[in-house]
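Fit chain to chain and form the complex, with the hints in mind.
In case you want the letters, here they are:
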Amino acid sequence: MKIAVISCIHGNIEALDAVLSDIDRNLCEKIFCLGDLGGYGPYPNEVIEKIRFLEIPTCSGCWDEDIVEGLNACECSYPSLIAEKRGKLAHEWTDNQISPENRDFLAKLPETLRFENLAFVHGSPHSNHEYLLPELDGFIALERVLSTGADVLFCGHTHVTYTRTLNTGNLQVRVIGETKTFTAPLKRIVNAGSVGEPRHGRPNATYVIYDTNEEKVILREVAYDYEKTCAAIIEKGLPAIFAWRLARGLEYAERADDPNHVCTK
Amino acid sequence: MNLPIITVVAGPGGAGKTTWICQKIQDLMSGGENQGESILYFSPGTGTVPIDKTRMGADLPLVKVFAEGEEADFVDYVATAKVIYIELGFHLELSAINQIVGDFPYQAIAVLPPNLQESEWHSWAREIVTGGDIIINPTNPTLSLWRAAATGQVVEEDSLQEFWYELTEGAYGKVSRAKAIFDIADGRSVYLDFVAGIEKEDFIELDLPHCLQGRPERFSGIEVYGENLDEATIGQTLRDCCLSDSALAASQQQVKEMLLAEADV
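Chains as they are written, first to last, in my numbering: chain H, 440 to 704; chain L, 58 to 322.
Hints are not guaranteed to be accurate.
List time: in silico SDA-like cross-link candidates among lysine to any residue, alpha-carbon distance up to 20 Å [as the list claims (entries may be wrong)]: (1) H:K524 with L:A307; (2) H:K524 with L:G292; (3) H:K524 with L:D250; (4) H:K469 with H:H639; (5) L:K231 with L:D250; (6) H:K527 with L:D297; (7) L:K231 with H:A686; (8) H:K527 with L:Q293; (9) H:K524 with L:K231; (10) H:K524 with L:S301; (11) H:K524 with L:K257; (12) H:K675 with L:A307; (13) H:K441 with H:L493; (14) L:K231 with H:W683; (15) H:K524 with L:D302; (16) L:K257 with H:R687; (17) H:K527 with L:R296.
Bear in mind the hints are in silico, worked out from the structure with no lab data behind them.
Just chain L, with the same shape it has in the complex (with noise of 0.2 Å):
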């Protein structure tokens, strides 16, 4: 049996470890090497809000990918794969790594800030990759990570984007890391991401079927990593941004109708 390559990638929070493993995968892929069958994404430690593992898996479909909870099927997968990447996220200890790989040998890379010169993830990495220039300070006893499934939501896009301006610009504590997945109410499913210090990006539409009938079953969800966070005020006003069923059965009557009056034309 010959072992798959497995690459830990470890860093702080927003320094861009998805990312490059992304293009770690679409560089493999578009060397006609590998379509992605063998190629496996675990993502551990993600609760019940496994965002980065969602968006890999509508990036790069033909990727297998897993979170929290799946660590079976995972087993089961890794005597077929090649090639399997593991993102660390920031919350986890880099010990928690011997308790999935065993005794299986793996690269360790680090992805990290420029400004970042002596942390744990340097002596520990073998690699360090460059990363996006963010500001961390790991010490301050008032972070915290919020997370928060939305599975089955639908949230208005104006409210968004308003709620996504707040949390961002501080409304709610200072956030220096949020990211998130949610359906809206036009059926599209969107990518979210802020990392402080880095240019804001637009809501990212993310290539999954529109949910155009009932609520959808596909995860959404949210995670900000931030000081003094006010977590409570941030459910309510992301549940003040939630369709009502009849809201939600009327959007998407409208978008239905809108579709059929542009296949006419």
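Only chain H is shown next, with the shape it has when bound in the complex (with noise of 0.2 Å):
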């Protein structure tokens, strides 16, 4: 069975149309969505209610959490002081914005998602805000991913695809003079991109396709009319450097550079 994991939309309907498009087209089965519907783009209702529409299971990503709960990211989201500038900005132009029902369905979204010997989370197991990067310590990684009892850990958040495979490995804990070891199977990390916020040097939407019978995992970059959100971006008044971003692929403000940190929130 194929399935399609997409992550990170942020309000870009021109560009999740697009991916929902490309997914048809390669005859997936499932999709699965690992949230951040909304935020510094321009259409956050319209993309929620599609995928409310179209029932896609969606796990809740940091932004998802802070428009219902209130800003609440770790330090490591914002790399400078207009970083942060912008996000807060951005999150109360989305915080305007959400329908009632919209936030209500935010606030249902479940923190992890489970199908078969697969898991969903948006950031980490362990936290919405927590950047599994690709060079994330393997002990951690390993870790983050034994906790869910699934063999892959599909997430997004870094906005920048990438397959990781943990090769088998070793555990040791000690308790209390008590040494054990035991031996931890093959294990993958998928990061699904970003439809709407990538950030890979183009305005191009990334998700990713994985077939369960082949346990193989395609990377897919989709382009898309994203002059017509920049348009919008602009027209619905938040700032013209988030258009100036999109089309560059850059990402608008988040970000997060240090493999080592380990999120707090």
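Structure follows, in structure tokens:
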């Protein structure tokens, strides 16, 4: 069975529509969404309504959580003072836009989804705000997968797709003088990238297709009419710099660069 | 009375006028003929943003440097000077030099890009020096010069990196030339330089004392020349990079503690 995993749509309905068409063309039978439906982009309600209408199983992202509970980002989210100011401005704008029904929908999103031997989270199983960067320490990465009980952990949040195979690992645990050793089987982390706010130097949307029979990951990059989204950003009164950055495949503001940072939120 | 040797240097922005003057002064000083005390540098027409003067003063502290508003001091020193360099900004009329030097004889030097074959500088200069291979389009009516003093402000370095990237990559208009001096959070004063078509350089730390107590009183500011500049947004983005009083105090305290810890080792 082929499943599609999408993440970090960030109010970009044009990108979402293009990705859904690509998923159709690739004959995927299921879609999972890893959250961050709104934030920065001009169409948060439209994106949420589409996800609801299509009944796509979705877990909560940091932006979804922050819209419901208020801003709660770890300091690792913002690489600079201007990024923080832009992030807060975008949060305030999105918070004012979201309809009560959509806010209720976001409030009910689960933290984690499971399907067979697959687990789906936004950031990491520990926190929606934690970044599982590809260079993350191998032991921590393995621990994050093991904590879900799955073999393949799908995450988003970094906005860059990647696949990381964690080879068979020997873990040694010592509890009050008693040492236990066990072997963890091969595990994988797959990052689904970002539909609406990519960070790979091009405006194209990204997502992944996973073939459960062949255990094969396909990283997809989909072109779409990003200029429409850029025009809507300006038309709706969001900062013009968001449009400029989207057109260049740069994130609007948030970004983590330290793979050793363990998020405390 | 021996007349000082006056050299007037003109040319388009980014061609390398200040660099050429610096080099000439360093040559004089390294030849042992002059340690700098009897060398004057004057940069008229800078308004409240004397970037070249500040950089020259930091690089060559023995040279007496003057900018707009300091004409009277400059004239006082002329009698004791042996060598005088006057840098005419690209935005000044060449005839402006007559009001400055009066009847004193001077050498006219034009620092010009190799691709410029005909210009007012060619007919004015006694000597043409080949400068940087920059692109110039002086007849474009949308070209404008924007300047802002930022003395007393301290910017966060990561924000400054982001701002400078956006500025020089065209987020706020097509920039041909930009230069700036800023105080940053760790107490350093840095010089930033951009010329379209020339490889970008990292920030250069000026050889000035670190400011770790309150707001700096020394000059900082920015000058941008380009097409369709969104001056209001440039100014606002720059303000967003600046530290509040409390953030500045915390940052300075942190640096002082770090320096103390290093001294203890």
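Structure-based check of each hint:
{"no.": "1", "hint": "H:K524 with L:A307", "result": "holds (19 Å)"}
{"no.": "2", "hint": "H:K524 with L:G292", "result": "holds (15 Å)"}
{"no.": "3", "hint": "H:K524 with L:D250", "result": "violated (26 Å)"}
{"no.": "4", "hint": "H:K469 with H:H639", "result": "violated (26 Å)"}
{"no.": "5", "hint": "L:K231 with L:D250", "result": "holds (15 Å)"}
{"no.": "6", "hint": "H:K527 with L:D297", "result": "holds (12 Å)"}
{"no.": "7", "hint": "L:K231 with H:A686", "result": "holds (16 Å)"}
{"no.": "8", "hint": "H:K527 with L:Q293", "result": "holds (16 Å)"}
{"no.": "9", "hint": "H:K524 with L:K231", "result": "violated (25 Å)"}
{"no.": "10", "hint": "H:K524 with L:S301", "result": "holds (13 Å)"}
{"no.": "11", "hint": "H:K524 with L:K257", "result": "violated (27 Å)"}
{"no.": "12", "hint": "H:K675 with L:A307", "result": "violated (37 Å)"}
{"no.": "13", "hint": "H:K441 with H:L493", "result": "holds (17 Å)"}
{"no.": "14", "hint": "L:K231 with H:W683", "result": "holds (13 Å)"}
{"no.": "15", "hint": "H:K524 with L:D302", "result": "holds (17 Å)"}
{"no.": "16", "hint": "L:K257 with H:R687", "result": "holds (19 Å)"}
{"no.": "17", "hint": "H:K527 with L:R296", "result": "holds (16 Å)"}
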